[in-house]
Structure formats: structure tokens, C-alpha cells
Amino acid sequence: MSIMFSKTILYFAFFFLTLVPYFSNAQVDYLIGHDIKKGEELYKANCTSCHKLGDEKKARLIGPGLNPEIFEEYTEEWLISWIKNSSALIESGDEQAIAIFEEYNQSVMTAFPTFSDDDVRDILAYIENPPVEEVSIVEVLDVEDVQKESINTQSLLLIALVLFSILGFLVFIKNSLKKASKIEETIFQGFKKWVLSNLVIVIIIAHLGVLCLIVLGWQSLSKIGISQNYQPAQPIEFSHKVHAGQQGIDCNYCHSSARKSKHSGIPSANVCMNCHANIVEGPKHGTKEIAKIYKAVGYDVDTRSYIEGYEEQPIKWVRIHNLPDLAYFNHSQHVVAGGLECQECHGAIEEMDEVYQKEKLTMGWCINCHRDSKIDLDNPYYHGYNDWIEKHKKADLTVENIGGLECGKCHY
Amino acid sequence: MKEQKKYFKSPYLKGNEDFLHKEFSDKLPVDHFLADQKENNYGTSRRDFLKFLGFSTAAAVLSSCESPIQKSVPYLNQPEEIIPGVANFYASTYYQENTFASILVKTREGRPISVSANKDYEKITSHSGGLNSRAYASVLSLYDSNRLKSPLKNNNEVSWDELDNEVIKSLNQISKTKNKIVYLSPTIISPSHKKILESFQKKYNNLEVVYYDPISKSAIIEANKSCFGESFIPTYNFDKAKVVVSFEADFLGDWLDASHGRKYSSRRNPGTNMSKHYQFESLLTLTGSNSDKRVPVNPDEQLKYLMYIFSKLSMTKQEVVIENLNHKAILDNICKELQENQGESLVISGSSDPQNQIIVNAINYLLDNYSKTIDYNNKSNLYSGVNSIFKRFLDDVEANKVGALIINDLNIIYNVPQLRDKLNNIKLKVQITDSKNETSKYMDFVCPKSHFLESWGDANPYTAIYAIQQPTINPLFNSRESEQILLKWSGYEESYYNYLKTFYKNMSFKKSWNKILHDGYCEIDYKRNDYIFSSKVAKDITKNYNPSQSNKNDTFLVLYSKISMGQGYQSNNPWLQELPDPVTKVTWDNYLTINPVHAKKLGLKNWHVSNGALNGDVVLIKMGEKSIKAPVYIQPGQKQNVLGLCFGYGRTEAGKVASGVGVNAFEIHDNFNLVQKNNFSITKVEGVEHEFACTQNSHTMMGRSIVKETTLNEYLKNPKSGNEDFKLESYKGKVSPSELNLYQEWEPSVHFWNMSIDLSKCHGCGACVIACHAENNVPVVGKEEVRKNRDMHWLRIDRYYSSDMTKDLAEEKGIGAIEMYKMMEEPASEENLEVVFQPVMCQHCNQAPCENVCPVAATTHSNEGLNQMTYNRCIGTRYCMNNCPYKVRRFNWFNYKDNDNFDFNMNDDLGKMVLNPDVTVRARGVMEKCSMCIQNIQKTKLDAKRERRKVRDGEVSIACETACDTGAIVFGDALDSNSRISKEKKHPRTYALLEELNTQPSVFYKTKVRNKNKINKNV
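Sequence order for the protein chains is V and G.
So the first sequence is numbered by my numbering: it starts at 25 and just counts up by one.
So the second sequence is numbered by my numbering: it starts at 42 and just counts up by one.
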């Protein structure tokens, strides 16, 4: 028994010992007690605008590329004081610090006095254990030209059902006729007999069947041209959840014309570049998706500069909310004059990774809202119409009363 | 025996009665659009039908399974000033065909979609003028598919570098010879262009600049040279003139300046200050139509009449015999009025004879009109072409003295056809032009010139005005400005933009360069000195007076230009081609106009064919060796023995729109004289008939008060004169139609959009029609369709002639009703004819006959008083069109876009760029009509709501109102008690069209008031 026990221990010990070199290779002092995840967060929030993970020279941005080699060159203590306040370290006459200062054309690294020593250690731990790099292949900024609608399968099923039942019925008749010619009492006659004897049930079933067909048919017909829940793939996997939700960027920052124009406006790439000139990596897709913007505008991440003479490539977004051309819709009308929030028509956009069409966008949907929406009588625009306002009882005045249901207000 | 009575729609129908028996003499022409024209068998067999059915079902099934993906492609770098969906406006300058205008260009997402008048410019004192229909249409010429896309060498495309090198090389060679280098151009009003020409001249010192204006005003320049010792054209202040006497000068049409209409109409408000306008003319012009007294005279008599006035005013003893006693009385009256209004009168002449212009100058001088109604210090630079200089150039070409010819922006072979064979003498021929034309094929090099909306430029149209032209779009093709080309050839590498900027920075104006660019113009002070009329010339007037012997058989051919076509520069513009002539209402044509009596004498006829369209005889006009064939149009009111033919047509290489339309009057522009006398013959061409496309085929009002009219005297006594309340007989006695109402009363809520049209101010020029086209994507349908009355104009201008027969007269003379109506159809005789114009668009009836009959509620009434048309609801029953008493609804018989049978601007991608993105392009089978520019109403309301304020009066820009230079159209909210429209609505002159029908229109008219003594009730 004891031999058995010691043998097991031996095995375990052997197994453990064989692993030790691997472990010790991967985790130096920092891993223990330091939170790589927190380090990653801090790194991405504070460091990415100047540093990139990788070879010191090759991955150089404004500052050097960061990799585990730094721990061979610099001590932990030195690194902490450099990161927290590099200029102080330079002033103190530290040789290593002055060497870096000179190497980078005397540009000073931003000081981070708010970091605790543990924060810096977390970051260092993250640099120690860089994530496996994703291969970033920049795809063509385009998607397939034709997308099947969801209504499709349903209508096809319906057609198939009808065809099948017709086929079944025809086969049945054919067989019956065949048999009728041979035997005196055929199945057909038997069926007829059965039908006649159970007339009530048959009639009920027939009625239900017809009713089902009508309802199904009507439903499928009324869905033609409506693309509710339409969620096409976009050329760039842009996430509203990250930007509008997590980062809390105001809708109007990107869709700046929503308050001025009929179009809400898709931001031009230069608006993206306001932030993404520095933010080169996203939380979800890493550099892969952001690189597509760079490809469009011709931005070299390594040198942080625009490539001269680059032939720009427009980003072809897929339009989700499509009103027919015959309907005039104006964003500024609804956002400014109507005081609507974006979410009232577009749904909780800040929770969508991939945007889809929340509402039906049918005329009935528009009209219903116009019936219910009160008009803003405080707007000086409506001052001086006291008779009219009184006639309609102030509280009841909706968009309908100012012609919101008239054809010519949206169709011209 | 029962007599079959016949009623004719028009006098021309009489005699052609086969239409009575067959309404559709021809097959309905739908096959033309359905089947291949080459095949004779148009029929569709049963099997074809099944094939189509099968195919279309399959196609429908397939296409419904998959819906196409729509892409949204945003800017990569959005220009700061552009917000997608919001229009930008830029001030710029229009100068073409000697017409200047300060304009505002509307662009959407970087493409110009319309031009309108620069409203700031209108406020300035020294000069203010608007746009004519050609200026409004010029935006479409930017998208002309016939524009040159690249430089050409011997009609093959080359690069600019190659062209530059070769031209400079040849110019250098030629400058070493004795031969001249001639720069031939229409009048240049750009100071920077002239400056560049100077440096060009320095480089090639044998360069000569020759100005040639196709329709020159040489006579005025020459007359001023002899009277005042300086060659110039003054500016005319019609706004300061109480009495205007015009001899053959169509100043509301195409004479000298587009700004006259505005100034003239500012004195046409009925009241004690209203001007009085006499017009002596041979043809029936737009100006004559609007005059208070129009006197038809032949062109020869002008000298005599002017001399009569001159001798009366100057009290010389020169005996002038006026045979026509009526005219003598009128002239005596004019002399009296002129003398009473010294310094407040204006006498002008359109004659191309300097002698006539000298007498006109003398009369104005005697009347002390200079520096009052005629400003000779603020000169007009729009016409500098002098015939004698151009003739010298022609002689030089003949004598082989011209080594190189650079033609700037002229179509010289079209304008001066005799030059065609002489061009071979010239070694280097270069043309700078925006589109390929008749001249191009004779050229060694053709340089594409940027359209003015793509170009930098400047202008100094009048002494007091400098204006800047700025590009509103990048050049669509590989083109340059003329100035840029010259800069390059003079050895400058600088861009013209920089040159221009430096030029203006050195000009030391009060305004900065940026301010001038923003405003579009700059007004400067100018020297005011008095010119003294040369006493020698004054003495010579009587001495030189030598009236030509008049003979009863004298025939005259008067060449004129009409407001829509001008000199033919923009003839490939389908909007202009389809704009009816203001007086004849003929589209897509020019023709020989002739007096009815004269026509009868010559056996020439106009008649209507079974579908109501007008056909006419064709004549051969022979002048020396030249001869052209032109159709004859019978024009009431025109002087007998005078024929008229207009310029601008007969282009052969203008492009898909204009080629082959009409005849070229420049062919017989003999000796650059607008009046040809006895040197031609006309003979009827047998067996040929011409098809006209008229938008109006009945000419009189048949005793109804469609256009209400009164005289100034009557009006001053009683402001409601001519506009008496209409009463209907009823069981309640005589009541106004609104009291006999079948409808429910309708009430507006927040706005009530109304429009008022002052018939005293409307000249009928047609600028509003073009502005409406641009704003509302109105399609062009072509001549064939106009002939079938299928024109799509949302706004038309009706023209009515007066008739000699009236109801009163018939009663007096005991003429029966049938006879009376028959006589009423006949326009009045030449001396008595009066013309009225009336713009008619959808009247937006508040009790609309069209709304009741629509089975699908596609046309409905808005709570703001507008009659709305919903295209996607319309199923095309055309009930509304039939029930509309104003006939303003237009039906889309075909798809006018992407249809090779309607090969106009909407059939090519370039031409479609002019479309207004806020207005639907209507599909086949739906009705359309004036929407009162609802897109602009909605926009203005939204602007007000967003800015939390009320809509300002005059803020809504309605295309026709904005375009109307004379201010005849007023639009606004009648619920706003301070608005202009609510004042107009209460005006005693205001009336509703066809008020007996009680349609209660939102559009109303104001009585026309003529400044004359006696009322002519039968207009």
C-alpha cells in the first residue's frame, strides 16, 4: 500500500518536475499575484496610442515596441519609476533613462502619476504575456450583392405544401380511377362513403384548412417588401455596442447630420480616424477590423501617417433601413422638431453588435406614430394659433392635426 | 330643312372638315412605342402573349425572391461645408450671348441643380437685373451630353500637352510672318481676360482681337461715337421713365439687357406713377404685346416717325409727312407727353441703322433724358462688337492676311456661313468651345472650354459693377477656362484662379476678395461727367434726312431673336426648345411669321389636322444665291408685307436635341442687317406641309372674363373697375357663387398657402416655366407629343389676342349668337390687336373638382390649402384631368426617363444629374401637376420649427415666384395677417379665375391695367 502510495507520489513528482521548466519559462516573477486581465485593460486604455506589442524596432510607433525582452534590460523598480514619471527619472541623471530620451529625439513619455505600483506591475505582467497575435487579413470592403430575405423560406414552404397536397390529391384520384375501372367498390367509393357518413367532421376540417391557407397566405403577402429584423453583414464589423454602449459616444458625434439634414449621415472615414488614428486595436477583433479603415484611407499604422498618393477606397456599407424612394423622410424633422430619441425607431442600438432593423418601417407604422405623437406647442412656431389650439383642445393636438396623415407631406 | 351647324375650335380648322367624320383619322400611335419599328407586323400574337406572360411571371417570381442590396457609400473625407441632404448656395456670374446676370447656384452633394437670381444683387442701386429663361436653363447645358470631353486635333483626341505644344509652335512661326493672328470672340466683359489678352498680345505682337456679336448693337455704338465722341452703350433706367417710346426695340425680350423687365415693371403698378409705353413695331414682339399702345409700322417708316418727333420737339422746319392720320395723331400725342415729362421719358430704337440711333439720341438729348433715364456714365459693356471691324476681318481673311485664327466661344460657321469656304486660307485654326458645333470640323485644334458653372471668371458688365464667377463643380471633362488656355499659351504656368485672385487683390476695391467672392459682385463709384451732343451732328440730322421712297409693294424680312433661344448658343437645351415662344406659343421650331391678310394674298395657309395640331405651308426664301425653306406661321397683329424669322435654330451639329430643328436665319443675315428689304423673294413650296407643335391653339377668350382688364383712368376712378363681382341667378336672386355651395366648408389649420399673380406686371417671358422645370423635374416630351397636347409643363402661360367682336357690339348690330362666336374666334385686325398673358398653374382649389372624382384618393386636399397629388396612389384614370376646369393636370403617357424615344436629358446619366433629389421622377401612367413646390414649403416649415420661430413672410421659395423678375407672383401664408399675400388677397384688383365655378382657388389674379384712355372691352 505504502509502496503504491509512494509510487504515485513519485509519478506525480516526476510529472511535476518535467513541467517545471516550461512553467518557469513562461511565468517569471510577475505572473504570480498580478492580474494580466487588469493589465490588459490598463494597457489598452493608456498605452496603445504610443506603443505596440512586439519587437522594439519593428513595432515602434511613437515609443518602442514592447516585449518580454525589456525585463532583461531593465529592472522592475526602474520600469515602475519610468512609467510613473519618466522625466523625473531623466532629471535624476539615470543613465539608462537618458539613453532612451536621447534615442527618441528627446520626446518625453507621458507621465502616469495616478498608477499605483501594482497597476504598473499588472501592465508589465501583460507585456510579459502578450496575447497570441491574430493574423490580420484585410478583406475586400464589400459583401455579396444579393441577400435572401427571411420571408422567402416561409413562402416557399407554403407553396411546397400546396403543391404537395395538390399532387397527393391528383395521385389519389388517379389511383381511384384506376381501381374504379377494375373493382366495383373502389377506395374512392369507400372514401366517399366515409365522407358522407362523417360529413360534419369533413366540413369542419375543410373549413379549417381553407382558413389556414387564407391566413398563411395573407401573412406572407403582407410581409413582402418589409425587412424587419434585416441584419446584413457589413464590410467592417463595426459594433455599436462598443462605441455607443460601452464607450458612450453620443450618436450625433458620428451621425452628425441627423440634426441638420434628412439623412442621419454615415460618418466619413475621417470621423473614424479622429479616434482610430491612435486606437489601433479593438477589444473584439483586435486590429483586423480597424485595419480596414486604414486600408480605405491609406493610413500607415507603423509610422502613424497617411500614405501620400494613396488611392482611397470607399467603404461600401450595406444600407439597413430602406424607405422606398417615393417616401420623403427627414431625420432632423423627427430628432429636432419632434424631439425623438434615435432608439424610438432604431431600437436599443447601443446594445447591438450588428445592427438590424428593429421596426417594420411601413406606412402604417409611420401613421400610427403620427396619430399619437403630441406636437410641441411651446415651440414659438405654433404661437398665435390660439383659436385653432382651443378648438382642438390643447392636450389632444397631435401630428395628425398639422397634416401628419396627409399624403402630400411625405410623398412629393 | 335642318341645317347642320358646325362649330370650329379655331379659325384654321375651317375648310378642313374631315376631322368631323373621324375623330381618330390615324391609328392611335401606341405601336410605335411597343414594337420594333422596323417590322411591319406590329401585332402581338396569342403565342407571343403567352410567352410574355410566362416570362414576366417567371421574372416576377425570381425578382421577388431576392431583394437587391442597397449600398451606402459615405465620403472618406467629408468636405466641411457639405452636409448630405442639405443644399449649398454659391454666388456666381452668368454671361452668355451678351447677357449678364448675377446668379445664385444651388448645389446638392456637390452638383449644381439650379440657378436663380442673386437676391442681394437686386438690392443695389446702380444696376439690378434678373435672369431670363436662357439663364435659368443654363444649368442643364452643363450636363449636355454633346459637350467636348477632350481636346481635339483634326477631330482626333489629343492631350492638352500635345495641343499646347503644337499651338504654341505654330503661333511662334506665324508671329514671325507678316500675317495676323486674330483672336475672335464675342464681347469679353471679363477684365482679367482682357488683361491676359494684353500679355498674349505682348508675346505675339501681330495679334488682333476682334469682337463679333452675332446680333450686334453696332448702330448704337456708332451713333454714340458720332454724337458724343465716344463708342459706348449706355444703360437705360426704365424705372425712372414715365413715358417710354420704343421703335422696334424688344426690350422685354432680347434687346441689350435682361434687366430691363425688372426696371420697367417697377413702374407698372397701377396708380398715378404708372408709366406709359408706346411701341412702334413691325412684328408682334413680347414688348409690343405688353405695351399700352402698340402701333404696327413697317421698319422703313421708323426713320420718318422718329424724324417727325425730332422736328416737333426741336421745332425745326423740316417737313415730315405722315400719311396715316391715325398714327399722326398718336405721334402728336406722344410729343405732347414727352415734352410734359422731360427728363422722365425714354425713346429707344432697335434699328441697326446708325442714322436712326442718332435721331433717337438727339430726341433724348432734347428731352434732357441723359443721366436721368439714360445713364451714359454707367456704361453697358455687354456689346462691343462693331460691324465695320468685323467686316474688315472678313476682308483680311479674303485677302489672305490672317495666319492664325483663335475662335473663343463662338460658332462662327453657324453665325457667318459665308466664312465656311474662306477658312482654308488660314494656316492655324483653333476653336475654344464647350461643345462640338458646326465650326469644329473646320478647325485644326478644338479646345474644350469649361462650362461657366465649372469655371473661375469675372465680369465688368457695367461701369459700376464687378462680378466674380466661381466654379460650383469640378470640371466634368478634360476642359479648361479660356483664360487658362491663354495663360498657358502666353507662357504662364500659373493657374487662372491664382491669377484672378492676385488681379482682384490689386484692384483696391472696398470689398475684400473673399467678400466679393461671397457676394458675387462689387459695386464701385464711377466718374460722372456730362457729354455734350455734337452740334455738327445735330445740324446734320435734318440735312441727312432722306426717307427712302416707300412703295406699297415693299416687302421686308425682319430677323429677330426670341427670349428662349437667343443666338442659338444653348439650342441643344431641351428645356429651351420646349419652352413655347411667348407670343406664337410654338415650340421646337422657328418659322416665317406673316400677317393673315398678307398670307391670304400669297395663298399661304395654316390649318389644324384631325388631332387638333397645327400644320402650315412651307415657303422658299430666296436671297441672291442663298435660299432656305421655312414654314409659315400666320401671326395676327403683324404689319402687312413684313415677314419675321428668328435666329437660334437650324443647327446641324448641335447634338441630339437641336440638330435639324428649324432653319438658320443667319444664312440670310445679309450685311449683318436685321431688316432686309425687297432683296428676297418667297415662293410657296407645293406639296410640302410643316407640322407645328403649339401649346395653345385657340387664341381669344370668346367673350369670357378670363383675363380681366381695365384702363388706368377707370382704375383711378374705381379700383374695382373691370373686376366687378360676379353674380349668379338663383332662387335667392342674384348671389355670388360661393353662396350656392354644394361642398362642405373647408378651413385651414396652421398655414394657408396662397398665390397672387399680377397680370399688370407679368410680361409672359417664360422664365418661371424654366425655373419650374428645374425645380420639379418636369420631363421634356418632344415635338411629336407637344403636337398631341401632351406637354408636361406644370406652369403654362396663356396668351390671348383681342377680338374685334364683343357681346355688346353684337347686340348693338343685331348679330346672332352663332355668328358672334364665330367672329369672336378671329383675332382683331392688325391695328387694334392687343395681347394679354396669363400664367396658369394648378389653382389649388379649396373646393376642387379633381379631388371628388379620383376613385383612389390619389389627389387630396391638405390642411394648408394645397391640392396634393400622390403619384404612388394614382392609377391613371385621368378623371381628374377631365374634371379640371383649368386644364393644368398633366398625364405621364410614357416613361420619359431612360426611354430612347424621348432622347433628352433624362435619357442619359449626365443629363440626369440636373434632377432635384427632393422631387420624385414620375413614372408612366400617373398624373402630375403643380405642387406649389411643396418640397420647399416643407423645408421652410421645418427650418422654422427647428429654429423655434415662425415662418417668415417670403421665406418659402417657390420656383416661379423666385424666378419672376418683375415681382408679378407673390406667394405666402394668408393666415399671417402681415404677409404680402394677405394684403394682395384683399386688393380690389384681385379675382379668382373662373369664379363662376366656385372652385375657391388658392391662386388668384390681379386685373390687368393698361395705361390708356379708352377701354377695349373685347380683349
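These are computed hints drawn from the structure, not numbers from a lab.
Do not take every clue at face value.
Using 20 Å as the maximum straight-line C-alpha spacing, the simulated EDC-like pairs for lysine to aspartate or glutamate come out as follows [said to hold, decoys possible]:
| # | chain 1 | residue 1 | chain 2 | residue 2 |
| --- | --- | --- | --- | --- |
| 1 | V | K340 | G | E150 |
| 2 | V | K265 | V | E424 |
| 3 | V | K284 | G | E996 |
| 4 | G | K377 | G | E360 |
| 5 | G | K991 | V | D349 |
| 6 | G | K980 | V | E430 |
| 7 | G | K1027 | G | D994 |
| 8 | G | K542 | G | E207 |
| 9 | G | K938 | G | D950 |
| 10 | V | K415 | G | E788 |
| 11 | G | K551 | G | D566 |
| 12 | G | K980 | V | E378 |
| 13 | G | K938 | G | D949 |
| 14 | G | K112 | V | D400 |
| 15 | G | K413 | G | E360 |
| 16 | G | K953 | V | D349 |
| 17 | V | K284 | G | D984 |
| 18 | G | K980 | G | E122 |
| 19 | V | K284 | G | E988 |
| 20 | G | K697 | G | E826 |
| 21 | V | K417 | G | E788 |
| 22 | G | K938 | V | D349 |
| 23 | G | K775 | G | E765 |
| 24 | G | K552 | G | D161 |
| 25 | G | K112 | V | E313 |
| 26 | G | K160 | G | E826 |
| 27 | G | K244 | G | E198 |
| 28 | V | K284 | G | E150 |
| 29 | G | K991 | V | D402 |
| 30 | G | K112 | V | D402 |
| 31 | V | K398 | G | D409 |
| 32 | V | K415 | G | D1017 |
Just so you have them, the derived chain V footprint on chain G, three or more residues with Cβ under 8 Å [said to hold, decoys possible]:
| # | region |
| --- | --- |
| 33 | 113 to 127 |
| 34 | 905 to 916 |
| 35 | 987 to 994 |
All C-beta atoms in this analysis are idealised placements derived from N, C-alpha and C, irrespective of residue type, glycine included.
Outcome of the hint check:
Of the pairs offered as hints, the one joining V:K340 and G:E150 holds, with about 18 Å between alpha carbons and a cut-off of 20 Å not exceeded. Taking the CA atoms of V:K265 and V:E424, the gap is near 35 Å; set against the 20 Å cutoff, the hint is violated. With a C-alpha separation of about 18 Å, the suggested pair V:K284 and G:E996 falls inside the 20 Å cut-off, and the hint holds. About 18 Å separates the Cα atoms of G:K377 and G:E360, which keeps this hinted pair within 20 Å; it holds.
Taking the CA atoms of G:K991 and V:D349, the gap is near 30 Å; set against the 20 Å cutoff, the hint is violated. Among the hinted pairs, G:K980 with V:E430 is consistent with the structure: their alpha-carbon atoms are about 16 Å apart, no more than 20 Å. Of the supplied pair hints, the one linking G:K1027 and G:D994 holds, its CA atoms being roughly 17 Å apart against a limit of 20 Å. About 29 Å separates the Cα atoms of G:K542 and G:E207, which puts this hinted pair outside 20 Å; it is violated.
As the CA atoms of G:K938 and G:D950 are separated by approximately 10 Å, the hinted pair is consistent with the 20 Å bound. Straight-line distance between C-alpha atoms of V:K415 and G:E788 comes to about 12 Å, which keeps the hinted pair within the 20 Å bound. Taking the CA atoms of G:K551 and G:D566, the gap is near 10 Å; set against the 20 Å cutoff, the hint holds. For the given pair, G:K980 sits about 33 Å from V:E378 by alpha-carbon distance, which is inconsistent with the 20 Å threshold.
Taking the CA atoms of G:K938 and G:D949, the gap is near 9 Å; set against the 20 Å cutoff, the hint holds. Proximity of G:K112 to V:D400 is assessed by CA-CA distance (about 35 Å); at most 20 Å being required, the pair is judged violated. Simply put, G:K413 and G:E360 have alpha-carbon atoms about 30 Å apart, too far for the 20 Å limit, and the pair is violated. This hinted pair checks out: G:K953 and V:D349 have alpha carbons roughly 16 Å apart, not beyond 20 Å.
Distance check on the hinted pair: V:K284 and G:D984 sit about 9 Å apart at the alpha-carbon level, within 20 Å; holds. Distance restraint check for G:K980 and G:E122: the Cα-Cα separation of roughly 19 Å lies within the 20 Å cut-off, and the hinted pair is therefore satisfied. Restraint check: the Cα-Cα separation between V:K284 and G:E988 comes to about 11 Å, which is no more than 20 Å; the hinted pair holds. At most 20 Å may separate the alpha-carbon atoms for a hinted pair to count; G:K697 and G:E826 meet this at roughly 17 Å.
This hinted pair checks out: V:K417 and G:E788 have alpha carbons roughly 17 Å apart, not beyond 20 Å. A hinted pair counts as satisfied when its Cα atoms are at most 20 Å apart, and G:K938 with V:D349 qualifies at roughly 16 Å. About 14 Å separates the Cα atoms of G:K775 and G:E765, which keeps this hinted pair within 20 Å; it holds. Pair hint G:K552 plus G:D161 holds up; C-alpha atoms about 15 Å apart against a cutoff of 20 Å.
Distance check on the hinted pair: G:K112 and V:E313 sit about 19 Å apart at the alpha-carbon level, within 20 Å; holds. Pair hint G:K160 plus G:E826 does not hold up; C-alpha atoms about 37 Å apart against a cutoff of 20 Å. Between G:K244 and G:E198, the direct Cα distance comes to roughly 28 Å. Violation of the 20 Å bound is thereby established for this hinted pair. A hinted pair counts as satisfied when its Cα atoms are at most 20 Å apart, and V:K284 with G:E150 qualifies at roughly 14 Å.
Between the alpha carbons of G:K991 and V:D402 the distance comes to roughly 12 Å, so the proposed pair stays at or under 20 Å and holds. Using a Cα cut-off of 20 Å, the hinted pair G:K112 and V:D402 is violated, with the two alpha carbons roughly 40 Å apart. Taking the CA atoms of V:K398 and G:D409, the gap is about 67 Å. The hint is violated against a cut of 20 Å. Pair hint V:K415 plus G:D1017 holds up; C-alpha atoms about 19 Å apart against a cutoff of 20 Å.
Counting residues of the region 113 to 127 of chain G whose CB lies closer than 8 Å to any CB of chain V gives 11, which reaches the minimum of 3, so the coverage claim holds. Given a C-beta distance limit of less than 8 Å, the hint that chain V covers the region 905 to 916 of chain G holds, as 8 residues qualify and 3 suffice. Against chain V, the region 987 to 994 of chain G contributes 5 residues with a C-beta closer than 8 Å to a partner C-beta. That satisfies the three-residue criterion, and the hint holds.
When the structure is compared with the earlier hints, violations turn up for hints 2, 5, 8, 12, 14, 15, 26, 27, 30 and 31 and for no others.
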